[in-house]
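Let the sequences and hints guide you as you build the complete structure.
Protein chains in written order, with the working numbering: chain A, 1 to 502; chain B, 1 to 108; chain C, 1 to 468; chain D, 1 to 167; chain E, 1 to 605.
In case anyone wonders, no lab produced these hints; they're calculated from the structure. Values in this document were obtained by computation on a predicted structure and should not be read as measured data. Heads up, a few of these hints could be off.
Here are the simulated EDC-like cross-link-like pairs (lysine to aspartate or glutamate), alpha carbons at most 16 Å apart as the crow flies [unchecked claim]:
#1 D/119 / B/59
#2 A/373 / E/157
#3 D/23 / B/59
#4 E/518 / E/157
#5 E/407 / E/557
#6 E/81 / E/4
#7 C/442 / C/375
#8 A/373 / E/4
#9 E/196 / E/55
#10 E/368 / E/444
#11 C/62 / C/196
#12 D/126 / B/59
#13 A/451 / E/157
#14 A/451 / A/362
#15 A/106 / A/358
#16 A/373 / A/456
#17 E/441 / E/359
#18 E/196 / E/80
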Amino acid sequence: MSTLEFLVSLPLIAALAIALGAPARFTAIGASVLVFLTTIYCAINYNTSFEDFAAWQFESARTVFDMPGIPTISLAFGLDGISVVLILLSSIVLLAAVLAAPDESKVQGNSRLYYLSLLLIGGGALGAFTATDLFFFYAFHELALIPTFLMIGLFGRGENRIRTAWTITIFLSVGSLILLVGLILLVIKLGAQTFAIADLIELAQGQGIDAASQNWIFLLLLVGFGTLVSLFPFHSWAAPAYAEAPTPVTMLHAGVLKKFGLYGLIRIALPIVPEGFQHWLHLLLILLIGNILFIGLVTIAPRALDRMLGFSSVMHMGYIFLGIAAFNTMGVSGAVLLMFAHGLSIAALFALNGALRDRFGDLTFRRFGQLAKSLPRLGLLFGFATFAAIGLPGFANFAAEIPIYFGAFDGDASGMNWLRWATVGALWGVVISAVYLLRAYRSIFMGNAPKVRLDDAPDMLLREMLPVILLIAGLLIVGFSPEVLNQYIRPTVNGLFLLSAG
Amino acid sequence: MDPSLTLNPLLLVSGLLFAIGLTGVLARRNLLIIFMCLELMLAAGNLTLVAFSRFHLVDGAPAYDAHVFVFFVITVAAAEVAVGLAIIIALFRSKKSTDVTEVTTMKY
Amino acid sequence: MQVYYLEFLVVALGLVMLMVDAFAKLQDKRSLARLGILGLGVIFLLLFAVQSPSNAASPVWKFYAAPDNLSLFFKGVALLTTILSLVMAIDFAPIVLSKIAPPDQGAHPQAGLGEFYALPVFVCAGLMWMASANNLVSIFVSIEVVSITFIILAGYMRRNVGSLEAGVKYLILGALSAGFLVYGFAWLYGITGSMELGPITEALAKPEVNSTAAMFAFSLILVSLAFKLGAAPFHIWVPDVYQGAPTPITAFLSVGSKAGAAIVTLRLAYPYLTSPVLSTKALAILAVIAILTLLLGNLGALAQKNLKRLMGYSSIGHSGFLIMALASTSYPGAVNALSPAAVFAYYIGAYLLMTLLVFLVLNVLNAADTGETLDSIRGLAKRSPFLAGILLIALASLAGVPLTTGFIGKFLAFKIALDAGQWMLIAAALIGAAAGFYFYLKIAASMYFDAPSSSDGAAIPVNLLTKV
Amino acid sequence: MTFLFYFFSALVLFGGLGVVFAKNPVSAAFSMVISFLGMAALFIQLDAFLIGVLQVLVYAGAIMVLFLFIIMLLDVEEVEKRKLSLPTVIRAGGVGAALVVLISTVLMRGGTAGQALPKLVASPEKSDVLRIGELLFGTYWLPIQIIAVLLLTATVGVVVLSKRELK
Amino acid sequence: MNPDTLAWLILLLPLLSAATIVVGIGRWSNLSALVSTGTAFLSLVFSVMLATNGEAVASIAYPWIDLSPSFQVNIGFTLDKLAIGMILIVSSIGFLVHLFSLGYMREDSGKSRYFAGLSLFLFSMSGIVLADNFVMMFIFWELVGVSSYILIGHWYEKNSAAEAGKKAFLVNRIGDFGFMTGILLVWILTGSIYFKEIAQAVGGVANAGLLNAAVLCVFAGAVGKSAQVPLHVWLPDAMEGPTPVSALIHAATMVAAGVYMLARVSFLVDASAVAGTTIAWVGAITALLAALMALQQDDIKRILAYSTLSQLGYMVMAQGLGSAGADAGMFHLYTHAFFKALLFLGSGAVIYACHHEQDIWRMGGLRKRMPITFWTFALGTAALIAVPFTSGFWSKEAILEALLQQKMHGPYAVGIIVAFLTPFYMTRLVLVAFFGPSRTKEAEHAREVEPVMWIPLALLAIMAVFSAYRFLAAPLAAAGHADFGHLFSHFGLTAVLSLIGLVVGVAGAWFLYRTAQKDPISIPLFRDKFRIDELYLFFVDKIQDGLARGLTRLDRDVIDPLIARFPAALSLAGGSVSRALQTGNVQTYAFFFGLGVVALLYFVL
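Take a look at the structure:
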């Protein structure tokens with residue numbers, strides 16, 4: 001069993017163990033810690049001087065399905081610089097999410113199912129980020145679909161939770177079906193005999209796909225991946241789902257799983273259908289500006305924290321798309337870094353959102369105020385998370401956004417172009433996100449005394465703070481020293497552009 | 001038989017009988033009559049088979065394969081009638097009717 | 001061992017069961033089913049002992065295809081389905097008995113149950129013959145064995161209005177489709193002058209073949225096969241019959257009958273799809289049928305409340321995927337092209353497992369008299385986490401969630417359609433698959449999200465055999 | 001002889017129409033027999049003697065009797081109470097007419113037009129009964145076994161389905 | 001110690017202090033205060049050491065983002081005269097504010113948070129000053145925004161404070177939006193983010209239009225941070241923070257950042273005449289409007305705030321001249337830092353003494369009760385209204401001179417008008433607050449403040465008067481050119497007009513306010529700050545929030561239905577059709593069957 005097989009199977013085995021009767025919380029935390037340590041091990045042993053985009057480290061493969069007429073399917077894993085970052089993200093958020101999950105006794109309903117689902121979602125994410133075979137790359141992501149559905153429907157908040165569970169599930173499954181069509185089409189057009197991504201890239205380097213097909217495929221991939229990432233206008237599942245899902249699920253989904261679509265765009269779409277990408281660039285720019293400005297403004301309106309955070313998570317996807325749209329080392333590296341940063345920051349925000357919800361239930365802004373006085377620790381941590389999300393220097397988000405802006409602005413000095421205008425729009429989006437996040441902070445933690453009862457709302461316990469501190473520490477470390485992660489991202493992204501350079 | 005007879009009139013007769021049978025199945029409500037119409041359709045098939053066999057001689061004789069097939073069809077038809085009538089009896093016992101339009105408890 | 005012995009062994013088993021039923025005074029006739037299961041299990045093992053034919057000159061090969069993987073696979077499917085249906089039928093016995101009142105005083109209290117176990121065995125033989133039939137005659141007779149026996153089985157619970165109604169509907173529409181089959185076969189014979197598929201294929205491949213007549217015959221045959229597959233617009237019987245028939249029979253029908261029809265369709269479509277003159281039109285018409293089937297089946301299931309009925313619509317939808325694969329065929333395929341036969345095999349294999357799993361659970365619920373509507377499984381997860389978990393996995397597979405067997409089938413179907421560039425088909429399949437997600441998960445939602453309905457919060461007993 | 005063909009054809013078709021339009025099942029059954037007798041004659045005209053005889057024996061002899069038996073058993077009065085409903089007839093007729101048009105199209109374009117009746121080469125040494133018998137029990141042994149199974153299950157089924165119930 | 005080490009220490013010590021307080025010692029507030037003040041003192045010491053070292057070239061840079069070869073951002077230092085002078089101002093004022101705060105915030109419950117904020121502020125400001133590239137400057141630029149948010153909103157339980165903090169941050173963000181755009185534009189024009197490289201490359205830029213845009217965008221950053229019209233609205237509200245914070249913000253840190261940045265990139269302003277003129281005019285308008293608004297304010301801190309705005313207008317005017325005016329602008333910034341810090345701390349002392357009373361009309365007679373405060377305040381005022389030989393006189397003179405020399409007659413004229421207004425409103429302030437009888441009990445009971453508070457005042461008073469002279473302005477040698485010879489040799493129009501303005505202004509105020517018990521003149525437009533706040537409110541409430549609500553509705557009622565609900569409904573409708581076929585009547589089924597056959601055959605034939 002290779003390291004990565006071990007890594008991916010850990011949460012799945014732990015889930016099985018829980019199903020068979022192992023103590024749920026203990027097993028889940030144990031597995032998450034092990035996952036975290038294993039990812040650290042991988043990160044340390046990753047060779048950062050490795051610039052090949054069509055090759056991986058820690059590779060392992062075993063053929064699982066081979067029949068004439070369809071490409072060979074292998075259960076293959078590997079790490080590139082991008083996936084190192086993403087499994088770090090996954091393992092940190094998984095650990096935080098499991099820590100943030102309520103004790104077994106406090107779970108309303110089947111606590112085994114609760115932890116089991118969390119682990120499945122986490123395992124799916126780890127699998128998707130490490131799979132080097134297109135089939136499993138896709139399949140692992142889908143693994144999380146049903147647990148998410150069950151989690152929201154069973155343990156979610158609010159009267160609409162079942163409806164919400166439906167919305168997210170149908171939306172995502174339709175998105176993935178479209179994606180599936182795109183991916184199969186891609187394999188067919190390449191005439192590939194395997195699903196190994198390396199082979200696909202190699203084929204794309206040779207004959208490649210004709211321009212017309214590229215356009216189609218990229219469109220399918222964009223819509224498919226885009227739906228998973230809540231690209232405007234395929235976003236309406238996200239805000240309610242994140243608002244109503246149980247905290248750990250939101251942390252995992254918004255923080256980690258959502259990045260799958262972006263990873264897919266970088267890993268699959270950019271190297272294999274670059275012409276299609278160029279063809280639809282303007283559309284992508286319009287859509288991402290829709291994310292940033294349209295959804296940004298929409299984010300100002302909600303009257304409750306959870307919904308607002310949900311929308312903000314949609315909005316911030318626009319920046320990652322911008323980085324990808326820039327299609328150069330700076331932009332794409334920034335995008336990868338922002339995936340990490342956004343993952344941690346949104347997970348932290350939602351963890352805190354959950355802590356508030358545990359105490360006060362309804363999160364309508366009007367009910368709150370001055371909480372920083374009675375809940376100083378919560379206030380402080382929330383402040384950190386807020387500033388991280390706003391993109392303040394010192395946090396990883398900022399360190400990621402800067403290369404994105406520069407990447408998107410790169411080029412000659414002849415004047416403005418679509419990409420640059422989009423960047424200007426994105427910069428204005430920074431103002432918007434400051435508006436809504438500071439409003440939220442102001443109305444919850446500052447100002448007049450709250451309407452809610454404070455008697456039975458103690459400040460955060462260490463147990464609650466731990467996941468958030470973990471996340472914020474990650475953000476600060478990377479924010480102060482982005483090179484911690486850039487050392488992994490840079491060579492791989494360079495490799496991508498070495499490819500496209502021929 | 002008259003050598004001037006061609007294949008088409010025979011096929012036309014069988015086709016018409018087939019259509020008549022189908023029309024009967026669609027038009028009648030009495031299960032028994034519907035069943036008779038189904039028999040007409042099978043018989044039309046038989047006529048077609050025999051006609052073709054007579055027009056495709058094998059070694060100067062009609063193609064007996066088709067005759068055998070007709071034999072099987074007749075057998076199957078008989079079995080079908082038996083089973084069908086048994087069901088009709090069961091239905092009549094419970095509904096006191098053989099009207100198909102009254103058998104509509106399950107829909108949508 | 002000669003391959004055609006298998007069916008005779010099955011028939012012999014059925015006869016033994018009838019005899020035992022008639023002459024041995026069994027206390028509990030359910031042991032007949034166990035006997036059947038055992039016998040079929042042995043025969044299933046014998047599948048692996050089949051030799052290539054030694055008597056090539058025997059006339060049997062004019063009617064019966066030499067054993068290949070495909071036919072053996074479908075024979076296996078038939079055997080497995082029958083075994084599982086019998087397993088269900090054991091649980092189902094009390095319901096059957098309550099719906100066929102004991103005839104006379106002094107008669108065996110379980111009178112009529114023996115036949116309920118023996119008839120499926122004969123159906124199994126019919127299905128196995130279908131899997132190998134390569135002659136219009138043998139195709140016709142084996143199809144009729146299966147469908148006439150199914151008529152009996154569907155209407156078996158004659159005091160139950162639903163079952164009787166299912167019997168009537170299947171009877172009339174089945175006979176109608178038989179009429180079309182005969183008429184179509186007659187024309188096919190008239191055009192090609194042969195009953196054997198080999199010569200038919202050769203005849204149809206000739207450029208001088210009259211396409212009007214040939215396509216006329218094809219359409220007539222297709223009507224009948226589409227009926228058997230449950231493909232639009234000849235699918236209308238499916239929901240009603242599925243709902244009305246006894247649950248084990250519904251399960252048997254949904255898998256066994258469909259598998260048999262699938263392989264026959266594959267065999268009969270082959271001459272047309274390989275013919276240079278006819279293939280374009282044949283593919284087009286298949287594509288239209290596939291699109292209609294995908295949409296009507298999957299969308300129809302969306303608002304369905306009765307689980308068996310829902311499975312009926314779902315079965316229509318799955319037929320859509322099968323026909324989609326067939327409609328995306330390109331003969332002669334490239335060396336490495338995906339053959340529809342392979343897709344069929346995988347799809348049916350996966351479909352068998354998950355559908356039977358669903359029906360097994362439904363059957364247990366039925367036997368526990370909890371009803372078969374969506375409401376009746378509310379809160380199942382709380383009452384019986386085991387059943388709920390099993391059902392969830394089966395449903396996920398039916399919906400085609402990756403890493404389940406159902407996904408492979410769907411994946412292959414999509415792959416072959418994409419290979420062929422059938423865009424309309426793909427669009428319909430996408431809509432269908434998406435709708436599938438909804439209605440399968442709807443069942444899951446009912447199990448997990450809703451509170452158990454009223455009093456029957458008790459755990460549901462599951463017998464060991466079913467559990468296995 | 002052509003006259004005979006037309007006569008029997010007319011018999012077949014009018015018999016068929018009689019089934020469709022019969023007021024009660026008994027007359028429908030008789031119309032069916034007329035139709036089948038006509039068809040038996042057509043079979044014989046087409047040198048299919050055995051089939052013709054079988055047609056008479058099985059249909060006129062057995063099946064019709066079965067029908068009549070059941071009709072009587074079920075009490076004719078109860079059997080058909082209501083008249084045909086007009087919309088049903090219209091739509092059925094529409095489908096039937098369309099089918100006729102389509103079949104005619106096939107007959108016109110299907111390459112079957114104008115095929116003359118080929119002469120039988122010499123009188124057969126063996127009668128067709130013999131030939132068919134040889135085929136049935138020689139070459140066709142497998143289908144005949146299958147049919148046997150079919151008849152068995154049908155018998156079992158009929159017994160099970162129509163077993164008398166205790167009221 | 002070598003300059004590199006010094007610079008790193010200056011930068012990181014305050015951060016260390018802030019981090020220590022947040023992570024560890026926050027619960028011991030006095031310790032936090034001491035740590036923070038201690039690091040501020042150390043920063044001052046190191047700054048002085050750096051200054052005595054003179055200009056240097058920094059060699060150690062920390063590669064923050066390294067996407068070489070295309071993009072590399074270092075945390076590295078510029079250690080030229082400009083930076084050294086500025087860091088000296090920052091750290092000295094910073095230290096004094098810390099010192100003052102020890103007294104002022106003694107009883108505050110959020111003392112730890114406050115001092116952590118101060119340290120962070122100092123850290124951020126040092127970063128801006130020392131930055132050798134745009135991105136690094138932007139980083140600290142943003143951090144200054146956060147620090148101001150934390151400090152202005154220190155008393156977060158008060159709605160007004162919470163709002164003010166938010167407002168400051170958001171308005172700054174708007175400026176930063178322009179700033180970042182400007183940075184990006186400059187980057188594509190010159191290919192670098194490093195000041196040194198840009199300065200070399202800017203001459204070769206061909207695309208003049210884009211360059212103008214770039215410079216104006218960069219200037220937008222300064223507009224936000226230095227509170228120029230129209231982004232000046234946050235500054236008066238920022239008075240909601242504790243007074244020492246106001247002093248810090250107004251005197252040395254935040255608002256100065258914009259001017260400093262413009263001075264740092266004066267070569268860019270040189271390259272774009274259009275931008276230069278615009279900058280000068282924006283400064284001029286700010287100076288004028290702010291002075292007019294100051295005329296009618298009653299809150300002692302607000303008057304000072306508007307005076308700051310007005311003075312910033314002067315500085316920005318100077319920066320509009322590019323390198324020709326950069327020195328003058330910086331010179332004024334330098335002198336202004338001291339006298340404005342003095343004035344704010346003085347007002348803080350007054351407010352502290354009057355038990356947090358800020359309305360000047362509720363004071364009066366403080367001259368006798370708080371002599372030290374009064375005299376230091378008076379000296380500060382003198383500097384502000386440019387009484388000859390005080391520091392403010394020299395620096396303002398320098399700016400007006402420079403404007404005249406560069407033939408910026410419009411801004412020059414505005415500058416002169418403002419020179420009439422400033423003495424008027426400042427005299428009004430001093431007269432009302434310190435002279436006459438005490439109007440309230442609080443004012444009657446006011447007593448002189450304790451030494452820890454007045455010592456900084458005294459120190460600053462000295463600076464206010466003498467900072468323009470060479471012996472103190474040495475670090476700013478390039479800018480500091482106050483000498484008598486200069487004055488007499490250039491004695492001309494400017495000096496005359498300024499003096500006339502001074503006399504007229506003071507006399508007018510004296511005449512109007514010497515004995516006034518309430519304001520004899522009332523100009524609602526000025527009092528209401530030209531209703532610019534209302535305009536913003538309208539924008540936020542009606543336009544932005546309206547847009548937000550509208551788009552939400554669009555999202556909910558158009559996009560979601562279109563993307564999700566419509567297809568879903570369509571599917572269900574399709575399902576109904578499919579189910580409607582199932583009438584349950586087998587005859588109908590047969591009909592469909594027949595229809596299907598006919599359709600199929602028709603399709604095929």
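Hints versus structure:
1. D/119 / B/59: 11 Å, holds
2. A/373 / E/157: Holds, at about 8 Å.
3. D/23 / B/59: 48 Å, violated
4. E/518 / E/157: 32 Å, violated
5. E/407 / E/557: 59 Å, violated
6. E/81 / E/4: 15 Å, holds
7. C/442 / C/375: 11 Å, holds
8. A/373 / E/4: Since the Cα atoms of residue 373 of chain A and residue 4 of chain E sit roughly 42 Å apart, the hinted pair is violated (cutoff 16 Å).
9. E/196 / E/55: At roughly 15 Å apart (the allowed maximum being 16 Å), residue 55 of chain E and residue 196 of chain E satisfy the hint.
10. E/368 / E/444: Given that 16 Å is the threshold and the Cα spacing comes to 10 Å, the pair holds.
11. C/62 / C/196: Satisfied, since the Cα-Cα distance of roughly 7 Å is no more than 16 Å.
12. D/126 / B/59: 13 Å, holds
13. A/451 / E/157: Holds, at roughly 14 Å.
14. A/451 / A/362: Holds, at about 12 Å.
15. A/106 / A/358: 11 Å, holds
16. A/373 / A/456: Measuring from Cα to Cα gives roughly 15 Å; hence the hint holds.
17. E/441 / E/359: 13 Å, holds
18. E/196 / E/80: Within the cut-off at roughly 11 Å; holds.
Checked against the numbered hints given earlier, this structure breaks hints 3, 4, 5 and 8; the rest are met.
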